[in-house]
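A.B. asks: Just need the whole structure built from these sequences, with the hints factored in.
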Amino acid sequence: MWRRVAGRGRVQRGLRCGRRCYSSGDAEAVNYAHRKEIISRTPASYYPSLDSVRDREATTLRVPQFRARFERVDFTQYESKRYPEVCRVEGRISSIRKAGKGMYFIDVAQDFARVQLVASNKLTGVSVGEFNSQHAFLRKGDLVSCVGFPSVTNVGELSVKACEPIRLASPCLNSTTLPEKIVDSKIIKKERVLNYLVNRDSRKKIVVKAMVVQAIRQFLTEREFIEVQTPIIAGDGTGANAEPFVTASKALPSNPDGSSQPLQLRVAPELWLKKLVISGFDKVFEIGPNFRNEGVDSTHNPEFTSCEFYQSFTNLSQLMTMTEELLAYIHSTLRHKNIMPEVIDKLEPLASRSFPKYEFIPTIEKITGLAFPSAITSESLVAYHTSLGVSLPATKSPASLLDNLAATYLEPLSHESQAPIFIFNHPAAMSPLAKSKNITYGENTYDISARFELFYKGKEYVNSYEEENSPYEQASKFQLQQLSKNNFEDNESVIPDWKYVKQMEYGLPPTGGWGCGIDRLAMLFSGSDRIEDVLAFGNLRDVIRQ
Numbered sequence: 001m002w003r004r005v006a007g008r009g010r011v012q013r014g015l016r017c018g019r020r021c022y023s024s025g026d027a028e029a030v031n032y033a034h035r036k037e038i039i040s041r042t043p044a045s046y047y048p049s050l051d052s053v054r055d056r057e058a059t060t061l062r063v064p065q066f067r068a069r070f071e072r073v074d075f076t077q078y079e080s081k082r083y084p085e086v087c088r089v090e091g092r093i094s095s096i097r098k099a100g101k102g103m104y105f106i107d108v109a110q111d112f113a114r115v116q117l118v119a120s121n122k123l124t125g126v127s128v129g130e131f132n133s134q135h136a137f138l139r140k141g142d143l144v145s146c147v148g149f150p151s152v153t154n155v156g157e158l159s160v161k162a163c164e165p166i167r168l169a170s171p172c173l174n175s176t177t178l179p180e181k182i183v184d185s186k187i188i189k190k191e192r193v194l195n196y197l198v199n200r201d202s203r204k205k206i207v208v209k210a211m212v213v214q215a216i217r218q219f220l221t222e223r224e225f226i227e228v229q230t231p232i233i234a235g236d237g238t239g240a241n242a243e244p245f246v247t248a249s250k251a252l253p254s255n256p257d258g259s260s261q262p263l264q265l266r267v268a269p270e271l272w273l274k275k276l277v278i279s280g281f282d283k284v285f286e287i288g289p290n291f292r293n294e295g296v297d298s299t300h301n302p303e304f305t306s307c308e309f310y311q312s313f314t315n316l317s318q319l320m321t322m323t324e325e326l327l328a329y330i331h332s333t334l335r336h337k338n339i340m341p342e343v344i345d346k347l348e349p350l351a352s353r354s355f356p357k358y359e360f361i362p363t364i365e366k367i368t369g370l371a372f373p374s375a376i377t378s379e380s381l382v383a384y385h386t387s388l389g390v391s392l393p394a395t396k397s398p399a400s401l402l403d404n405l406a407a408t409y410l411e412p413l414s415h416e417s418q419a420p421i422f423i424f425n426h427p428a429a430m431s432p433l434a435k436s437k438n439i440t441y442g443e444n445t446y447d448i449s450a451r452f453e454l455f456y457k458g459k460e461y462v463n464s465y466e467e468e469n470s471p472y473e474q475a476s477k478f479q480l481q482q483l484s485k486n487n488f489e490d491n492e493s494v495i496p497d498w499k500y501v502k503q504m505e506y507g508l509p510p511t512g513g514w515g516c517g518i519d520r521l522a523m524l525f526s527g528s529d530r531i532e533d534v535l536a537f538g539n540l541r542d543v544i545r546q
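Take 1 as the starting number for the sequence shown in our numbering and just add one per residue.
These are computed hints drawn from the structure, not numbers from a lab.
Here the structure is a predicted model, which is why all the values come from computation and not from measurement.
C-beta: ideal position from N, C-alpha, C; glycine also.
Derived DEER-like restraints, expressed as beta-carbon distance ranges:
hint	residue 1	residue 2	range
1	E157	V246	56 to 66 Å
2	Q546	S332	28 to 38 Å
3	D297	Q261	24 to 34 Å
4	L263	E37	45 to 55 Å
C.D. replies: So this is what it looks like as structure tokens:
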């Protein structure tokens with residue numbers, strides 16, 4: 001096809017894109033900025049439909065499929081080392097280099113795989129001038145389609161030898177040449193799209209996260225769990241020690257005073273899932289987003305993804321075993337995927353299925369050499385901190401003080417262990433939704449939750465417990481929680497859900513509940529130090545910049 005070039009007095013042959021052609025005059029010495037200006041004159045010409053790009057009959061293979069099919073082929077048995085079947089591959093140009101007057105070597109990437117395209121005037125059957133006019137417009141970052149013969153170069157590299165001009169499917173309009181890599185964290189935070197285009201490791205981390213989610217889902221569905229979706233917007237946050245985001249809806253009637261009914265983004269799906277267990281769904285799980293109005297740091301973001309599952313007639317020991325099995329399952333899945341072997345190989349202890357266990361109060365007493373307070377109150381725990389010389393947390397509620405002791409004495413034990421560790425049997429004040437019982441240590445008896453947390457190298461990955469199934473006990477624990485919230489201005493304590501207590505009267509079976517942060521697991525299995533590395537567009541601060 002032909003077209004007259006603006007500003008020129010002659011008709012010229014040009015680069016083909018779909019069924020359109022582009023001027024060799026335009027293509028001869030353009031840079032990205034000039035090229036963008038050229039494309040802006042007739043943008044429809046440079047963004048053809050896929051059908052017009054694929055106007056020639058050929059077997060279309062994605063790059064990984066092409067490599068899998070032809071990597072082990074002995075091309076020496078074919079004339080000119082060319083497989084006798086025309087294929088089409090498509091992808092983004094990652095590098096482009098000209099060799100002599102009439103040849104280009106172009107690397108294209110798709111689905112995290114790469115293949116080389118070899119284009120020459122001899123193979124496409126045109127003159128050197130016409131060949132260059134057809135290909136000189138291409139730039140790194142362009143998305144292209146190539147029809148040719150599978151082959152190998154003289155050095156044995158698997159390639160596609162183009163038998164017709166390489167087609168431009170969508171140009172990269174960036175005004176400067178795409179960098180080989182970005183290492184400046186400030187640029188990465190502001191330019192996630194560019195980061196993924198050029199930083200393969202950044203893309204891999206997002207893929208690892210997807211694989212972790214797939215592995216968890218597969219593990220649970222193989223054990224006949226049902227995946228559900230529960231409300232994200234509701235009257236309260238339902239089920240975790242955290243400060244919620246508060247919002248409103250135009251769909252709901254206003255209060256008598258004209259104010260909007262307050263709604264909250266969920267901080268956890270726990271109570272909704274337990275309502276389903278009451279309803280007869282004996283094995284349920286959910287993987288989805290949660291929102292907590294908290295700070296941003298290397299392991300926390302206000303918006304995050306969790307997995308929670310609940311199974312009736314399941315005790316703490318069974319939950320520990322399932323945790324060990326699940327981590328081994330994820331590890332095995334990623335090892336076979338071979339996505340980041342340099343990271344996965346170092347996580348072999350996760351597959352051990354035999355994690356050390358540390359009981360909360362006895363372990364603190366052993367480490368400190370000081371008996372635990374006989375009564376767990378704010379005053380006694382403050383005095384215990386003072387005796388140990390431990391700094392006090394900002395909130396002096398029993399739950400916060402106990403949490404501070406765990407962070408000081410128990411969680412560091414995970415640095416000393418090759419494998420993850422279980423910290424279990426927490427004081428009941430820390431877990432208002434967990435089943436509890438009296439346990440005697442030495443001369444003192446405490447109300448202890450059937451709960452564990454899993455820590456590895458200083459980070460918490462799993463929180464799990466036997467669920468409180470008595471509506472009377474749950475109501476009492478909610479009242480104590482509300483009292484603590486009022487007395488200590490603890491905005492992160494669980495908000496009582498009295499509707500849930502009422503529904504418990506239908507009968508919640510003895511149930512095991514389990515929760516983990518998907519983002520934390522993705523950090524672990526991708527070797528990431530910061531949560532923003534496994535969030536597609538970074539943490540909240542990064543998101544608002546993009």
